[in-house]
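One line per chain: the protein sequences are A and B, in this order.
So that you can map any letter, position 273 of the first sequence is 273 in my numbering, and since no number is skipped, the others follow by simple counting.
Heads up, my numbering is the position in the second sequence plus 1000, with the first residue counted as 1.
None of these hints come from the bench; they were simulated from the model.
Quick reminder that beta carbons are idealized off the backbone N, C-alpha and C, glycines included.
A few of these clues could be false.
Partner residues aside, some chain A positions facing chain B, computed with beta carbon under 10 angstroms [what the hints assert, rightly or not]:
hint : residue
1    : Trp158
2    : Ala170
3    : Thr196
4    : Ala237
5    : Gly241
6    : Ile279
7    : Gly284
8    : Leu285
Protein chains: 2
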Amino acid sequence: MTARPASVRIALIQERAANTQSEAIALLEKRVRTAAASGAQIICTQELFNTPYFCRTQDVRHFDLAEPVPGPTTDAVSRLAAELNVVLIVSLFEHRGPGVYHNTAAVIDADGRFLGKYRKMHIPQDPGFEEKFYFTPGDLGYPVWKTAYGCIGVLICWDQWFPEAARMLALAGAEILFCPTAIGWLADEKETEGATQHSAWEIVQRGHAVANGCYFAAVNRIGKEGNTEFWGQSFVADYHGRMLARASVDQSAVLTADCDLQALEQARRIWPFLRDRRIDSFDGLASRMIDDASAAPEES
Amino acid sequence: MTARPASVRIALIQERAANTQSEAIALLEKRVRTAAASGAQIICTQELFNTPYFCRTQDVRHFDLAEPVPGPTTDAVSRLAAELNVVLIVSLFEHRGPGVYHNTAAVIDADGRFLGKYRKMHIPQDPGFEEKFYFTPGDLGYPVWKTAYGCIGVLICWDQWFPEAARMLALAGAEILFCPTAIGWLADEKETEGATQHSAWEIVQRGHAVANGCYFAAVNRIGKEGNTEFWGQSFVADYHGRMLARASVDQSAVLTADCDLQALEQARRIWPFLRDRRIDSFDGLASRMIDDASAAPEES
Chain A
1 MTARPASVRI ALIQERAANT QSEAIALLEK RVRTAAASGA QIICTQELFN TPYFCRTQDV
61 RHFDLAEPVP GPTTDAVSRL AAELNVVLIV SLFEHRGPGV YHNTAAVIDA DGRFLGKYRK
121 MHIPQDPGFE EKFYFTPGDL GYPVWKTAYG CIGVLICWDQ WFPEAARMLA LAGAEILFCP
181 TAIGWLADEK ETEGATQHSA WEIVQRGHAV ANGCYFAAVN RIGKEGNTEF WGQSFVADYH
241 GRMLARASVD QSAVLTADCD LQALEQARRI WPFLRDRRID SFDGLASRMI DDASAAPEES
Chain B
1001 MTARPASVRI ALIQERAANT QSEAIALLEK RVRTAAASGA QIICTQELFN TPYFCRTQDV
1061 RHFDLAEPVP GPTTDAVSRL AAELNVVLIV SLFEHRGPGV YHNTAAVIDA DGRFLGKYRK
1121 MHIPQDPGFE EKFYFTPGDL GYPVWKTAYG CIGVLICWDQ WFPEAARMLA LAGAEILFCP
1181 TAIGWLADEK ETEGATQHSA WEIVQRGHAV ANGCYFAAVN RIGKEGNTEF WGQSFVADYH
1241 GRMLARASVD QSAVLTADCD LQALEQARRI WPFLRDRRID SFDGLASRMI DDASAAPEES
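Bound conformation, chain A alone (with noise of 0.2 angstroms):
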């Protein structure tokens, strides 16, 4: 563990989805060049960054464009970290055995180590969103990483909307959440539900950052895949919900925001949540739901 920095630049890579793996990997590593060259410290890739967002239909097929983790991407991402003395967070499409496949963010710190992995405990399932087909559910938890520029965890996409998720890696010491994600608009909604949907996805994770004191840098891919639009404007936002950075919604995109870690640690000092939680409270939150005699107060 270093000791702990004063401020991090961090970059997003938004993007669309490439032509093969190999063409994801080649663009992938030109970005964080750029990156890297303007100061970013700690880089993070869209979900699922080396396919297509293939989980718009159940298709046995998609599988094969599974790999291990760690594997021949991350053994490729970690000499480029290492070279370029960055932290790499890589988010794939893993091969864990015949019929066991995860959506899996891989970690590598700045001196090119493999530091570990997430992988997306939620997993979403509606039209268009068919993801339970495809990833079992993680099982590793929400582990956060003392990288070599500050401590950080990892949510995906559909974890993005539960609480829970940004507060277990905030307990864990994480002060910047990144946040690979792969949402956009279907095409029969857009004009009617559009603007309402990105909305609400913004402030879920807003929300998470004000909550938790954390930065929060939430990472989409653009473009057009089937009937699905992703709609870009990955962002970054401070412990105060402020947006400090957001890319458009169908532009490539290198976006880097500088995460001010002592003003994060000032700005808990005097909204301190963290110290004010009822932890003798919450007992029902690894519950379903709360079923009425529960949830009955007692009189005094």
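Starting from the known structure of chain A, arrange chain B on it as the hints suggest.
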């Protein structure tokens, strides 16, 4: 329990501190009649509606403001509720016993029946908001009430920053969360911090609305008391975090909004966060922090 209504009109009463408790109650009656006349079915006051925000300093004399709950104020409110056939939520300084005082909200059903009370669980303590001096932390958990017009829960002020509290209410069935509050700017911070403070406050609560698929209604006070300028801007956000209504920063208001509970259920069907919560992974939420050992991922 009545059948689940399709839509509920709610009203939030945003006021400045009255000169006396009896003036506050007379003003409340006037505002409630206005709200009821415009069709409101559930009506909520700001925090500590019948006292000044006395927590600006630590002074034992202020404990004299406390009253039993139920007691004379809730008796008067019950008569009003029954007469107008409205649900009333009133925020009071509760005298429970010598040396034990709570920041409490009483809930009165539309037939005038005292349904129960919520005692503020999360108590702040910072300059100008010296609440740990006055308020014993709540010991009734997070009750919800199936009122004549819908299933509701109450949070009070500082609770609004804690995703766990909103979640507990949603899990217990609440579909509209009311949050009486007393938050404002300190004179020496407003210029530099004021916009950020207000924005963070709004974001985190709209985030609860999104994450829980609930309506969220925050009721703030207005006016200057000492160095504190309460920032008003009471609001109602829907289950997608959309702002349905927002009051001004410095004017009295009876803010109404319609909560469509059928639309709420439709929204939760396509964005089924409560379906997908990884309740097997949330044990750490009842911890103050999660230490290194328990945060380390198992490798597989």
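Consistency of the hints with the structure:
1. Trp158: holds, 7 angstroms
2. Ala170: holds, 9 angstroms
3. Thr196: holds, 5 angstroms
4. Ala237: At about 9 angstroms, which falls below the 10 angstroms cut-off, the nearest Cβ of chain B leaves the hint on Ala237 (chain A) intact, so it holds.
5. Gly241: holds, 4 angstroms
6. Ile279: holds, 5 angstroms
7. Gly284: Holds: closest Cβ of chain B sits about 5 angstroms from Gly284 (chain A), inside 10 angstroms.
8. Leu285: holds, 5 angstroms
When each numbered hint is compared with the structure, no violation occurs for any of them.
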